[in-house]
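Visitor: As a plain string of letters, each chain reads:
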Amino acid sequence: NAGVMQNPRHLVRRRGQEARLRCSPMKGHSHVYWYRQLPEEGLKFMVYLQKENIIDESGMPKERFSAEFPKEGPSILRIQQVVRGDSAAYFCASSPPGQGSTYEQYFGPGTRLTVT
Amino acid sequence: AQTVTQSQPEMSVQEAETVTLSCTYDTSESDYYLFWYKQPPSRQMILVIRQEAYKQQNATENRFSVNFQKAAKSFSLKISDSQLGDAAMYFCAYRSPISNFGNEKLTFGTGTRLTIIP
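Residue numbers (our numbering), protein chains in the order written: chain A, 1 to 116; chain B, 1001 to 1118.
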C-alpha cells in the first residue's frame, strides 16, 4: 500500500506567481489535512477536507490560499500571488473514514516551496 | 483553543543512554489524544507513539515510552538505549476526540532537536 504522495517535492516560484501543491492520500483514505511548517517551527494546521467538502479551514490565510479535494484525483493546495513569507514546507496527511477511533494521520514527505 | 508547549529546543544524549523529552499542553477537554512524531533530516513525519487520555496506562513502543500525567497536563517521551538513528526533531501533538465534523486537526509543539553523541 503506497503511502501519502506529494508532488512536487520542491517548488520554486517567483513573487507573484501561483503555486499548486498536490497530495494523493493513501488508498482507502478519504480525509486529507494540510499543514505548513515554517523554518525552525512546528507544523501548523491549515485545512481539513473530505471528498468534495471543506470541513475545517480555520488555519487557512483568508486571502490567496485555497484548497480542494475533488471526487476524483488528488487534493490541491493553491497559493496565488506568492510572497516570500509563503516559503515553507507544506505537508499533507490522510486518515481513513469513520470515527470513534484513534485513526492516526499518515504524513506525506512534504513539498518545500521557495519563493524568490 | 488547545496549546502544546515543548520547553527544550535542543537536547543531546550519549549513545546507549536514556533521554526524556518534555511536553505540556493546555486543554479544557477531558478526552483527547496525544502523539509524539519524529522528523529526521529527510523531513518525513513519523509517528513514534500515541496515548489516549482515557487510558491510565502509559503507552510503550519498544525503546520509546511516555509518562502521561493527566492532572498536570504533561506528556513526556523517554527514549531508552539511544541510537544514532534516533537523531531528529521530535514534536509533541494534541488532537481532540473525533466528532461528527471531525475536529481532528493536530496541534503541534515547536519541537525538540535531539542529538545523539557517539
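Hints may contain errors.
Said to hold, decoys possible - Derived DEER-like restraints, expressed as beta-carbon distance ranges:
1. Gly-16(A) with Ile-1117(B): 43 to 51 Å
2. Ile-1046(B) with Leu-38(A): 30 to 38 Å
3. Asn-53(A) with Asn-1067(B): 32 to 40 Å
4. Glu-18(A) with Met-1011(B): 24 to 32 Å
5. Pro-1009(B) with Arg-64(A): 25 to 33 Å
6. Leu-38(A) with Gln-1002(B): 14 to 22 Å
7. Thr-1115(B) with Arg-9(A): 20 to 28 Å
8. Asn-1067(B) with Glu-104(A): 16 to 24 Å
9. Ile-54(A) with Glu-1029(B): 17 to 25 Å
10. Leu-1047(B) with Ser-30(A): 42 to 50 Å
11. Gln-80(A) with Ile-1117(B): 43 to 51 Å
If you're looking for bench data, these hints aren't it; they were derived computationally from the structure.
Even glycine gets a Cβ: it sits at the ideal position worked out from N, Cα and C.
Visitor: Give a verdict on every hint.
Guide: Against the structure, the hints come out as follows:
no.: 1; hint: Gly-16(A) with Ile-1117(B): 43 to 51 Å; result: holds, 46 Å
no.: 2; hint: Ile-1046(B) with Leu-38(A): 30 to 38 Å; result: violated, 20 Å
no.: 3; hint: Asn-53(A) with Asn-1067(B): 32 to 40 Å; result: holds, 39 Å
no.: 4; hint: Glu-18(A) with Met-1011(B): 24 to 32 Å; result: violated, 40 Å
no.: 5; hint: Pro-1009(B) with Arg-64(A): 25 to 33 Å; result: holds, 31 Å
no.: 6; hint: Leu-38(A) with Gln-1002(B): 14 to 22 Å; result: holds, 20 Å
no.: 7; hint: Thr-1115(B) with Arg-9(A): 20 to 28 Å; result: holds, 26 Å
no.: 8; hint: Asn-1067(B) with Glu-104(A): 16 to 24 Å; result: holds, 21 Å
no.: 9; hint: Ile-54(A) with Glu-1029(B): 17 to 25 Å; result: holds, 23 Å
no.: 10; hint: Leu-1047(B) with Ser-30(A): 42 to 50 Å; result: violated, 20 Å
no.: 11; hint: Gln-80(A) with Ile-1117(B): 43 to 51 Å; result: holds, 46 Å
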